[in-house]
Amino acid sequence: MVKKLIAVDKLPAFWSHLAGQGKLFLPVKAGLTVLFKEWTEGDEVTLDAPTSAVSPKDIFFPREETYMRYQCRGQTTELSAGEELGPVTAFGVHPCDLKAIEMLDRVYINQDPPDELYQSRREKTTVVALGCTAPDPFCFCGVMGVDPLSAPGADVMAHLDLQRGNLILEAQTPKGVMLLKGAGSLLAEPNGKTFTPAPVKTADFGMKLEGLSESLKERFDDPVWDKLFRSCLGCGVCTYVCPTCYCFDVEDYGHEMAGERFRCWDSCMYGHFTQMAGGHNPRPSRKERVRQRFLHKLQYYPETYGELACVGCGRCLRSCPVNLDIVQAIKALGGEQDVQR
Amino acid sequence: MAERYLEELTKIHDAVKQDLLGGRINLLLGWEKGHYWWQSRPLFAENEQDLERLTWDSFCAVNLSRYLLEELKDYQKIGVLVKGCDSRSFNRLLQDNMVARQRVVLYGLPCPGMLDYELLTATAEAELESIAEQNGIVVLRSAAGEKTVEREQLLLYKCRDCRYPDPVVYDQLLLAPRGEKEAPERYKSVTKLEEMPADERYTYWEKELSRCLRCYACRQACPYCSCRECFVEQDKPRWQGRAYQGSENFLFHLVRAYHGAGRCIDCGECQRACPVNIPLQELNRKLIKDINELYGQFEAGLNADLEPPLLTYKPDDPAAFSEK
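Quick mapping for you: the protein sequence lines, in order, are chains A and B. Note that numbering that gives the first Met the number 0 gives residue 2 to position 3 of the first sequence, counting from 1, and the numbers run on in steps of one. Note that numbering that gives the first Met the number 0 gives residue 123 to position 124 of the second sequence, counting from 1, and the numbers run on in steps of one.
To be clear, the hints were calculated from the coordinates, so they are not data collected in a lab. Treat the hints with care, since some could be wrong.
Claimed, not checked - Here are the simulated lysine-lysine pairs, BS3-like style, with alpha carbons at most 30 Å apart:
| no. | chain 1 | residue 1 | chain 2 | residue 2 |
| --- | --- | --- | --- | --- |
| 1 | A | Lys3 | A | Lys180 |
| 2 | A | Lys330 | B | Lys72 |
| 3 | A | Lys330 | B | Lys16 |
| 4 | A | Lys22 | B | Lys32 |
| 5 | A | Lys286 | B | Lys32 |
| 6 | B | Lys146 | A | Lys28 |
| 7 | B | Lys288 | A | Lys226 |
| 8 | A | Lys286 | B | Lys235 |
| 9 | A | Lys36 | B | Lys191 |
| 10 | A | Lys226 | B | Lys10 |
| 11 | A | Lys28 | A | Lys123 |
| 12 | B | Lys235 | B | Lys32 |
| 13 | B | Lys16 | A | Lys226 |
| 14 | B | Lys32 | A | Lys200 |
| 15 | A | Lys216 | A | Lys123 |
| 16 | A | Lys200 | A | Lys28 |
| 17 | A | Lys123 | A | Lys180 |
| 18 | A | Lys286 | B | Lys76 |
| 19 | B | Lys191 | A | Lys226 |
| 20 | A | Lys28 | B | Lys206 |
As the structure is a computational prediction, the values presented were derived from the model and not from experiment.
Required output: the full structure, derived from the provided sequences and hints.
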């Protein structure tokens, strides 16, 4: 497959080129945090940073997406589809985040029928994954089985050679080859020298995951749930920054003459998530909601798809205002290595 | 842990242990360590064993008063560790009739201001191994070596312009008071925003609020957001649309801020909780500044017997909005 190289200081020209081909999303510095956003001239792109504050899942599963629009004119009603999708490049996606997107693929694409909107965005997007160079103390992808230096599902795998100041790009799919070839002389041939990315060490927090999912089948009423939720504030931070959360709600916006039907992110941490029309709520308190979220990640998803719905990106550890995160949950549920007491 | 904190923790531990074992309280709301030394998370202690995890250090930022709303449903009498801002949060809840004073024992902890981990690592410019604190100085230890920085420069944003480090309401003050502070920079960024032309100011907020995920962490962490049902969730009529459009983000943050006018104690928990760093304190401080200018100096949460200006009526209240 095609392998190319670009000097880090030439990257802005590469960004302009890619942005000319369609929408370009990449990690951009915003104050002390990094956000995945659509590139505009002058953005401070940061490739040698920890994962973005919010996961890049919204490139494929936007926070809000229109199903259709309606407009009444006299006796007729006109219906039109939502946004016309064009080509997209998602640049600098960390291996953990791509693994998470592949988990969403199972939910949205490997179904009959598949989710057309998601599938279409996925097909129109070229993913350039980036080997991790700067994990932060929240990262624990290793223990979740993610290699921070490789993303087999990416169209292009990129590595930062910080020492020589180069970004090395290797195509892994025909789409990736097109992206590299399309950049023409912006990209140089690799100079023969091989580059071995530096090993990346991430925390494991003393977790032990073997047998955890199976053990949870019988533990819906475990007393752990009576305690774990107590510090939860009931906000939706964890679900919205999480790369493997994929719930949405469908709503209408507008009035009788014109409007739209759209879907938007929803969160199982909210009371109205399970609020029934008659007033009944099967998950009446934070206890049931916290249990739902963690069981979904640790039992329900693995039951259906064979692996934990967590990639160790560390965002819930970083963002929860009260430090109630999946590592704490796993350990409280017994997923802990034997420690000498 | 700094020596001073160890000494203080012993004092705190002794006091609450006596009360918890003696039955004066059935539950203590405090802090325990999280995964790392720079994380202190809420602790719900019911017995001596739980209390062993109690901690007190420069990372106890989480406001515990708010947990009373839920915990008072299950416990008759609850002890809460309160810093200055947490005590004013308690007054806020008390004024809103959300808690019963006689069912709460407040242990006052005069607060040195809490440190910001993001700022610590950004300042250390390397992965931080530990810190040491002494006399207003923080030594940052990392693989890159040691770096000495003034403590004031490493505070959480919410702590930087704190005027009341000492609890204003308590049953027992466990540590030595620190005294009121001046906060000359408190309205600096608000003043800057006020000086902007309206269009520029709109663009500023449009950009800041465009990051909002509507995770409602700001609301959930906030002591003035104690409504049993928020307007956001009301659906007859539906005030807040679910769309992530700029206008919906504006609606949420502006309505929330106005609900807090004269009630916001400026604890900054909203901004600390925000995962995308929206400068929410600027919105709240603008309203605090306006209230001060219109109705005279008023600091919410300072005295639970003083009604917030917008909840009272005086014949000479300014009414510029109704005068043509």
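Enumerate the violated hints, using their earlier numbering and listing them in ascending order. 4, 7, 12, 15 and 19
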